[in-house]
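Using the sequences and the hints given, assemble the complete structure.
Take the numbering used here: the last position of the sequence shown gets the number 183, and nothing is skipped along the way.
The reader is advised that the hints may include incorrect statements.
[Said to hold, decoys possible] Computed cross-link-like contacts, DSS-like style, restricted to lysine-lysine with a CA-CA straight-line distance of at most 27 Å: (1) LYS176 / LYS133; (2) LYS133 / LYS151; (3) LYS151 / LYS176.
[As the list claims (entries may be wrong)] Label-pair distances were calculated between CB atoms; the ranges are: (4) GLU143 / GLY123: 17 to 27 Å; (5) THR62 / VAL160: 13 to 23 Å; (6) GLU31 / ASP84: 24 to 34 Å; (7) ARG124 / ILE42: 17 to 27 Å; (8) THR85 / ASP58: 30 to 40 Å; (9) ALA159 / VAL57: 32 to 42 Å; (10) GLU110 / THR40: 20 to 30 Å.
Quick caveat, the hints were computed from the structure, so don't treat them as lab data.
Since this is a predicted model, take the numbers as computed values, not measurements.
For each residue, glycine too, the CB sits at the ideal point set by N, CA and C.
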Amino acid sequence: MISANPNMIEEFEERLRLETLIADLSSRFINLPPGEVDQEITAAQRRICEQLGLDFATLWQVADTEDGGFALTHFYSVFEGAQPATRMTEDQYPWARAQLLAGRVLAITSPEKLPAEAVHDRETLLRLGIKSNLALPLAVGGRPPIGILGLGTLRKERQWPEA
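Shown next, in the form of structure tokens:
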């Protein structure tokens, strides 16, 4: 008889819960009337935060401006508090913006663990009280990102699993 490592079982169960959530959320957008999309995005953000024990979720989309910044289009928080800026500007997150535009996922466990060149990003995260942040570039067909899904914590730091 093969005995399984309890940590492996827990990781497997967590991954199964996450994949089930993603499948369920994805199915909710099939044949959704355009007038209900915003409401469903916010509901999806709430479910993600609840399932993963996160404090907030953001959806940023490329702004129709010369600087190619990102505009916050959807925000969910588990509690009331300061809302993020409606525009993410180059001076707030220059290092993160460059990483995301290059298609890289950012898994920040703590602002203090950012590289030295991310000084402005660190200051912004500390000012907003963000302890940990996961930023996923959203792209279609190998093109540059059209948006960013941000997930984070304000109460405690979080380790982001590689998967």
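*For which of the previously enumerated hints does the structure constitute a violation, in increasing order of number?*
6, 8, 9, 10
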